[in-house]
Amino acid sequence: MAGVTRTGLLAELGVVSRRYMAAYALFNQALADHLGLHPTDVQCLNLLTLEGGPVTTGRVAELTGLTTGSATRLVDRLERAGQVVRERDAGDRRVVLVAVVPEKAAEFGRVWERVGGGWFALFDDLDDGQLALFIDHMRRTTEFGAEQAARLRSGFAEG
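Per this note's numbering, the sequence shown starts with residue 1, numbered consecutively.
No wet-lab data here; the hints were simulated from the structure.
Remember, predicted model here, so these are calculated numbers, not experimental data.
Take the hints with a grain of salt, since some may be wrong.
Ranges between beta-carbon positions, derived for each pair [stated by the list, open to error]: (1) Pro102 x Val16: 31 to 41 Å; (2) Val101 x Thr72: 12 to 22 Å; (3) Arg77 x Gly8: 41 to 51 Å; (4) Gln130 x Arg73: 34 to 44 Å; (5) Gly116 x Arg6: 31 to 41 Å; (6) Leu13 x Arg151: 15 to 25 Å; (7) Arg59 x Val4: 21 to 31 Å; (8) Ser154 x Tyr24: 20 to 30 Å; (9) Gly8 x Gly53: 43 to 53 Å.
Glycine included, each C-beta is placed from N, C-alpha and C at the ideal position.
Please put together the full structure from these sequences, using the hints given.
Now the structure itself:
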């Protein structure tokens, strides 16, 4: 890219990143509206399906960055919506686990596939090295975003 400076590229990256985050937030809101859920609930369901099995409410709090009280209220909403159930841990009956209702997880997956099915086609023109770079970028930005969210929640103030 002749004539393009690193400073110019970083400035463009800043603008594109903000637009990307806004577009995703708006997409998440539209998906939540379609499913009749709160946007945070949609992302919690997404994260729960990635966990591979039932988790404690404490783990829900870790996944979402919410307090345990807020995570409990989130699980309450998901339970009322029929998306999750609470069940006792077979190994320790004192532990209550949150499990995604399989039929609801399948339905969620079908909706996600219908609206996001074209996602992989966006990468058809990338070679394996470029795809690996993109995956690395997404992992790094996911970690960075989680760190920044934790900073904001801990009372980080500007200035």
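### Query
Does 21 to 31 Å hold as the CB distance between arginine 59 and valine 4, or does it fail?
With Cβ atoms ~45 Å apart, the hint is violated.
### Task
Confirm or reject the claim that proline 102 and valine 16 have a C-beta distance inside 31 to 41 Å.
38 Å, holds
### Task
Check the following: the C-beta atoms of serine 154 and tyrosine 24 are separated by a distance inside 20 to 30 Å.
About 24 Å separates the Cβ atoms of serine 154 and tyrosine 24, which means 20 to 30 Å holds.
### Message
For the hint 41 to 51 Å, verify it against the beta carbon of arginine 77 and that of glycine 8.
### Response
45 Å, holds
### Message
I want to verify a distance hint. Is the separation of the beta carbons of valine 101 and threonine 72 within 12 to 22 Å?
### Response
18 Å, holds
### Query
Is it true that the C-beta distance of glycine 116 to arginine 6 lies inside 31 to 41 Å, as the hint says?
The hinted range 31 to 41 Å holds for glycine 116 and arginine 6, with Cβ atoms some 33 Å apart.
### Message
The hint says 34 to 44 Å between glutamine 130 and arginine 73; measuring C-beta to C-beta, is that right?
### Response
Hint holds: Cβ distance 42 Å, inside 34 to 44 Å.
### Task
Could you tell me whether the CB distance from glycine 8 to glycine 53 stays inside 43 to 53 Å?
47 Å, holds
### Task
Starting from the hint 15 to 25 Å, judge whether the C-beta atoms of leucine 13 and arginine 151 obey it.
Cβ of leucine 13 to Cβ of arginine 151: about 21 Å, so the range 15 to 25 Å holds.
Hint compliance for this structure: hint 7 is the single one not met.
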